[in-house]
Amino acid sequence: MSKLHPSSGSLSYNTVSRKRYDPPGTKVGELLTVSVARLGMKLASDALRDEMADT
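Residue numbers (the UniProt record's numbering): 1 to 55.
Please keep in mind that the hints were generated in silico from the structure rather than gathered at the bench. Treat the hints with caution; some may be incorrect.
In silico lysine to any residue, SDA-like type, Cα no more than 20 angstroms apart, as pairs [what the hints assert, rightly or not]:
| id | residue 1 | residue 2 |
| --- | --- | --- |
| 1 | 42 | 31 |
| 2 | 42 | 32 |
| 3 | 27 | 38 |
| 4 | 42 | 53 |
| 5 | 42 | 54 |
| 6 | 27 | 39 |
| 7 | 27 | 37 |
Between beta-carbon pairs, the in silico distance windows are [claimed, not checked]:
| id | residue 1 | residue 2 | range |
| --- | --- | --- | --- |
| 8 | 54 | 33 | 30 to 36 angstroms |
| 9 | 33 | 53 | 26 to 32 angstroms |
| 10 | 25 | 54 | 40 to 46 angstroms |
| 11 | 54 | 26 | 39 to 45 angstroms |
Glycine is no exception: its CB is placed at the ideal position from the N, C-alpha and C atoms.
Taking the hints into account, I'd like the entire structure generated from these sequences.
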């Protein structure tokens, strides 16, 4: 168990440092990409539903 500890600790440290050194725009870009993808999927599913209703 003591062997696993340092690796998990360094993993969380890496995540924290990566977040800290990320430029502020990265998070915004991620959120924007996700919301655009969600919107696209919603529009696609709506269009698919309309096509199903037509037939």
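For each hint, the structure was consulted:
| no. | hint | verdict |
| --- | --- | --- |
| 1 | 42 x 31 | holds (16 angstroms) |
| 2 | 42 x 32 | holds (15 angstroms) |
| 3 | 27 x 38 | holds (16 angstroms) |
| 4 | 42 x 53 | holds (16 angstroms) |
| 5 | 42 x 54 | holds (18 angstroms) |
| 6 | 27 x 39 | holds (18 angstroms) |
| 7 | 27 x 37 | holds (15 angstroms) |
| 8 | 54 x 33: 30 to 36 angstroms | holds (32 angstroms) |
| 9 | 33 x 53: 26 to 32 angstroms | holds (30 angstroms) |
| 10 | 25 x 54: 40 to 46 angstroms | holds (43 angstroms) |
| 11 | 54 x 26: 39 to 45 angstroms | holds (42 angstroms) |
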